[in-house]
Each structure stands twice: as C-alpha cells, then as structure tokens.
Amino acid sequence: MIAPEAFLYLAAVLFAVGLVGVVVRREAIIIFMCIELMLNAVNLTFVAFSRLLGSIDGQVIVFFSLAVAAAEVVVGLAIIVAIFRERATTDVDQINLLKF
Amino acid sequence: MGPLLFVLLAVAAVASSVAMVVHRSPIYSTLYMVVTFAATAVMFVLLDAPFIAALQIIVYAGAIIVLFLFVIMFLNLKTGVLIERRRGPLWLAIILGAVVAGELAAVVNHGTAAGGARPAVPEGFGSVESVAGLLFTRYLVPFEITSILLIVGMVGAVVLARNEEALPGATFDPPGVGSIEARKDAAAANDAAAASTGEQPQVVAAGDPSR
Numbered sequence: 021m022i023a024p025e026a027f028l029y030l031a032a033v034l035f036a037v038g039l040v041g042v043v044v045r046r047e048a049i050i051i052f053m054c055i056e057l058m059l060n061a062v063n064l065t066f067v068a069f070s071r072l073l074g075s076i077d078g079q080v081i082v083f084f085s086l087a088v089a090a091a092e093v094v095v096g097l098a099i100i101v102a103i104f105r106e107r108a109t110t111d112v113d114q115i116n117l118l119k120f
Numbered sequence: 168m169g170p171l172l173f174v175l176l177a178v179a180a181v182a183s184s185v186a187m188v189v190h191r192s193p194i195y196s197t198l199y200m201v202v203t204f205a206a207t208a209v210m211f212v213l214l215d216a217p218f219i220a221a222l223q224i225i226v227y228a229g230a231i232i233v234l235f236l237f238v239i240m241f242l243n244l245k246t247g248v249l250i251e252r253r254r255g256p257l258w259l260a261i262i263l264g265a266v267v268a269g270e271l272a273a274v275v276n277h278g279t280a281a282g283g284a285r286p287a288v289p290e291g292f293g294s295v296e297s298v299a300g301l302l303f304t305r306y307l308v309p310f311e312i313t314s315i316l317l318i319v320g321m322v323g324a325v326v327l328a329r330n331e332e333a334l335p336g337a338t339f340d341p342p343g344v345g346s347i348e349a350r351k352d353a354a355a356a357n358d359a360a361a362a363s364t365g366e367q368p369q370v371v372a373a374g375d376p377s378r
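From first to last, the protein sequence lines stand for chains A and B. Per this note's numbering, residue 21 is the first one in the first sequence, and the count goes up by one each step. Per this note's numbering, residue 168 is the first one in the second sequence, and the count goes up by one each step.
The hints are simulated quantities; they were obtained by calculation from the structure and are not laboratory data. All values derive from a computational prediction rather than experimental measurement. Positions of the beta carbon are idealized from the N, C-alpha and C atoms, including for glycine. Misleading hints may appear alongside valid ones.
[Unchecked claim] To give an idea of the interface, some chain B residues facing chain A are shown, with a C-beta separation under 7 Å as derived from the structure:
#1 Ala216
#2 Leu222
#3 Ser297
Based on the provided sequences and hints, a complete structural model is requested.
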C-alpha cells in the first residue's frame, strides 16, 4: 500500500507543471489545456485526502469538480472559436482588448 | 507491485504533462494530456476511488479530449500559427514552477507530518453506492445546481459559437459576394451555361478513341 502523501506530492508537481505551461505558452488552447491539468492535479489531491481521512466527501467534491470542468471547457472553447472567427488567431498576446 | 506501479504512473504523468506543455503541435499536446489523465485515473483506483476513476476516463479522457481535438481541427491551426514567440526568459517560468511545487510540497509535508489516526477504509469505499448515497443526501442541493450549470454551459456554448451567417433574418452581406439570393441566381446562371455547352465534352470524349 502506497502512502496517500505520495499522491499529494505528485499532485503538487503536476499543478506546478500546469502553472508553468499557463505562464510560458501563448496559444489559447494550450493555456486552456494547462488549466485542465491544474484542475486534474487538484482532483488528485481531493481523492488522496479522501483516502487519507477515510471520508468519502472528497470524492463527491471531485464529482462536482468534473461537472464544472466539463461546463468550463465547453464555454471556454466556444469563446476561443468566437475569437478565432473575429481575429483569425488564438495568440493571447494579440487578444489583449476586452472590446474590439 | 503497489510502489512500482505508483512510480511508473508518476513518471508517466509528469513526463507526459511536461511534454504536453513543451510540444509545439496542439494535437500532440492533447494526446499527451490523454496519457496524463489516464495515469491519474489509475491513481484514483489505487486510492480506492473506482467510481471517480471511471468518471475521469469518461469525462476527461473521453468527452473533453474529443472536444479539444474537435476545436483544434475546426480552427485548422496552421504550422505558422503554432510557432510561438515567448515573452520573457524561460528560466524565470521554470523557477516559478519549482518555487510553487516546493511551496505546495512544504504545505503537504507540514500538514501530514502530525500524522494522527489513519482510519481504515470500510468495505465498498469509493464505490458507486457510497458516492451516490452521499450525493443524494447531504449534497443534493449542489447536485441539482450542477444540472443548472450544465444547462447554462450548453446554452452559452450554442450562443457563443453559433454561425451568424446561417441565422434566418441575419443581415450578413459581405462586400463583393452579394446576398444569398444573388449567389443562388449566379449559381443557376452557371448551371444553365454549363448545360448549353454540354455537347463540348462529349465531342472530346468521342474523339479520343479515334486517335
């Protein structure tokens, strides 16, 4: 049996990788994928704590997190598609105005 | 078996997530993301959460990945678009990531060092019954709100990504193209012209074998 702490450390590393991706990349879709990676790391933390504390509540929270992530992906990708129609680019450096 | 599997999964997850961040092609990044999510799903199984693991595969590795791939192909991102120019030094971002990872690890180390009693998990921990039992009693209101959220997300995506051109009553009139009726007239005229000169290809085709 592996200690659940190991999963917590791994989730920390995955979260940091996702954060670096958000900072480094300029493509809106890749940034979006990195946000998903960070959400995934947080889900792993929830499940690890659920196992650590012997409480099922953490897994229920992950269930809600998955639903929110799905809705977020749908709306976010629709926004990216709408921006691409307007500007013919998804480079976040060129999308720096709220209204254009 | 257990520790070896964990090390394998951890290496796969971290390596594929790093590859996802650094790869230039969005398609490859998405496929690396599948590997990361699949490895995480197996870790959920190791953590006695088989139901959440199944959800992870269905929702993340299934629906969300397909959505990403669909949008990437829909936008038809060219190779030239993919070449990104980075702002600022890369090492600064790596230092930032290392600091954040170290910070989180320190928090985990501090929070779990006290230890305390580790309750043994009961039979059926993380099964569909146990999760659903909590979901439909204590978390019933959030569960219902989630359905509203999904409806709002669905409507929002349709409104944001709809094609204004295809709407009835839309006044889309690009310069040099003309209205839809004018384009239909032009197409009809083209068809008529093609029909009147229909004999021309037949003559060529008949002339071919004689040569």
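Review point. Once the shortest beta carbon distance from Ala216 (chain B) to chain A is found, is it less than 7 Å?
Key: holds (5 Å)
Point to revise | Evaluation of the interface hint that places Ser297 (chain B) against chain A, nearest CB under 7 Å | key: holds (5 Å)
Check your understanding: Measuring from the C-beta of Leu222 (chain B) to each C-beta in chain A, is the shortest one below 7 Å?
Key -> holds (6 Å)
Going down the numbered hints, you'll see the structure goes against none, and every one checks out.
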